[in-house]
Amino acid sequence: MNIVVLVKQVPDSGADRNLRTDDNTVDRGSANNVINEMDEYAIEEALKIKEAHGGEVTLLTMGPDQATESIRKALSMGPDKAVHVLDDALAGSCAVTTAKVLSAALGQLNADLVLCGAESTDGRVQVLPHMIAERLGVAALTGARKLTVDGGTLTIERQTEEGYEVITAETPAVVSVWDTINEPRYPSFKGIMAAKKKPVQTLPLADLGVAPAEVGHAGATSAVLEHSKRPPRSSGTKVTDEGAGGTQLVEFLATEKFV
Amino acid sequence: MSEVLVVVEATQEFGVKKVTLEMLTLARGLGTPSAVVLGGPGAAEALSAKLGEYGAAKIYAAESAEIDGYLVAPKATVLAELVTRVQPAAVLLASAQEGKEIAARLAVKLDNGILTDVVGLDADGTATQVVFAGSTIVKSKVTRGLPLVTVRPNSVTPEPAAATPAVEQLTVSVPAADKLARVVNRVAEQKGSRPELTEASVVVSGGRGVGTADNFKLVEELADLLGGAVGASRAAVDSGYYPHQFQVGQTGKTVSPQLYIALGISGAIQHRAGMQTSKTIIAVNKDGEAPIFELADFGVVGDLFKVVPQTAEEIRKRR
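Taken in sequence, the protein lines are chains A and B.
Okay, so the first sequence: first residue is 1 according to my numbering, each after it adds one.
Okay, so the second sequence: first residue is 1 according to my numbering, each after it adds one.
Hints are computed from structural coordinates only; laboratory data are not their basis.
Bear in mind the structure is a predicted one, so any value in this text is a computation, not a measurement.
There could be a bad hint or two in this list.
If the Cβ cut is set under 7 Å, some of the chain B residues that face chain A in the computed set are [what the hints assert, rightly or not]:
| hint | residue |
| --- | --- |
| 1 | Arg-28 |
| 2 | Ser-140 |
| 3 | Gln-250 |
Pairs of lysine-lysine, DSSO-like flavour, derived with a Cα cap of 27 Å [what the hints assert, rightly or not]:
| hint | chain 1 | residue 1 | chain 2 | residue 2 |
| --- | --- | --- | --- | --- |
| 4 | B | Lys-217 | A | Lys-238 |
| 5 | A | Lys-257 | B | Lys-279 |
| 6 | B | Lys-141 | A | Lys-238 |
Stretch-level coverage of chain B by chain A, calculated; a stretch enters the list once three of its residues show a Cβ under 8 Å from a Cβ in chain A [what the hints assert, rightly or not]:
| hint | segment |
| --- | --- |
| 7 | 37 to 49 |
| 8 | 55 to 69 |
| 9 | 91 to 101 |
| 10 | 107 to 116 |
| 11 | 172 to 178 |
| 12 | 181 to 188 |
Ideal Cβ placement from N, Cα and C applies to all residues, glycine included.
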């Protein structure tokens, strides 16, 4: 099975994150940039499918130069190769235009299965899988906590508020996964060394038949007008339980009219 | 006044979800709300009274087994046809998995911008979003097409505004391209009558400090006494204490209730990302240095196995 995994480099969600003051985009310069955590689960799932059914795993990312670092890290888990859509004109792209670019790249990769994380930790927008499926005219199986592959038939358990749904489709399809689906492997030393030599193809916009004016700030379908830091919460009363902690807690609840 | 489409979120068990009432309230700031029900046969009838109570002047009902039988795509097709026909001032959907997915497809079909996790919406379509774990407030706008936004639950207080909605049945014809992902089965796992996590006005969450799955009964008991939902930190979920759909945090649900009670949760940034826009926060933790206390309006440094039973007992006494 020819599997493509979508990977995004994001600022580390465990640290302070900011938007830039000049163009209101994510500040990647000052941040510690890492692979979007949810994507690691998609990579793991792809590798497991390859191990069970054979095939090839290709990473696809769109991002600035520095995303190369995350591509190498992701390759060290075991994928065969990577494609990096890289073009200065892409800076400031919205979700709609990002989907357009990734769909154009996927059009050249001939994937049976496109795997991705259910959301990124920076935007948490969750719209890319269905946007890409809509553009490519393929099935979207999203929010998977379990994926089974039987020949060309894919079946997922889709996590919902009430429980789960069993959804099935034939390949080609886009499948997005939550972090409950597996436990991603740690790269081995051998994997890290091998990743340095794995092919990473750079694709400029021109090769995708997408005009610069359709993407980036120029082609964006939405705009951030302004942003500000939310005032940090200040801590209130802290008591140490000396036998009446629960009663004191309820007194506070009563003052705030919760009981 | 121009029409604003509100795509209804509802469950069979509880009917119209609160986020729908919030969207109807927000929609009135931009025009006259019309509710859009996308579901199986007969879906709209049970919902129309409530939708009217909160100002839906009209209800568009797209009811078909085919809408329910395939994932998301048929709903987006029906909605795109409706948008093209009525040319609304804006389209609002719930910022939950499916609402975002319908909006995603709609955005591609109409080549229209999209804004998700919106917590406020001005008359001119300017949206307010809270990003980066609740640390940053953003004002943004769709610059191509109409305002297509998904609204985060617990963003505004629903305000009733009685209307008598006329119901218009929509013709549903689902193209083959929308029938690629078939729903084979729907399985309910959540038992009991607790409110849904993202919509609840009170959330009581447990963390690693709760210690075992069995001990989560303590968390559930307090939640039930306060009429709240139960949440869990990632540490608790990873340890197998509580199911993943109740995880609050960066890789789980974002909640913004009136009251959030954190029991045995240290307050790692992962967790704070999902709860720090809550109105009032209470924490119980035996480690007085735990970062959760930096956010807490009221904190108890102590053993939750002593503090929580006493809390429950005291609440019962006051009834």
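Q.
Need the list of violated hint numbers for this structure, in ascending order.
A. Of the numbered hints, 1, 6, 7, 8, 11 do not hold.
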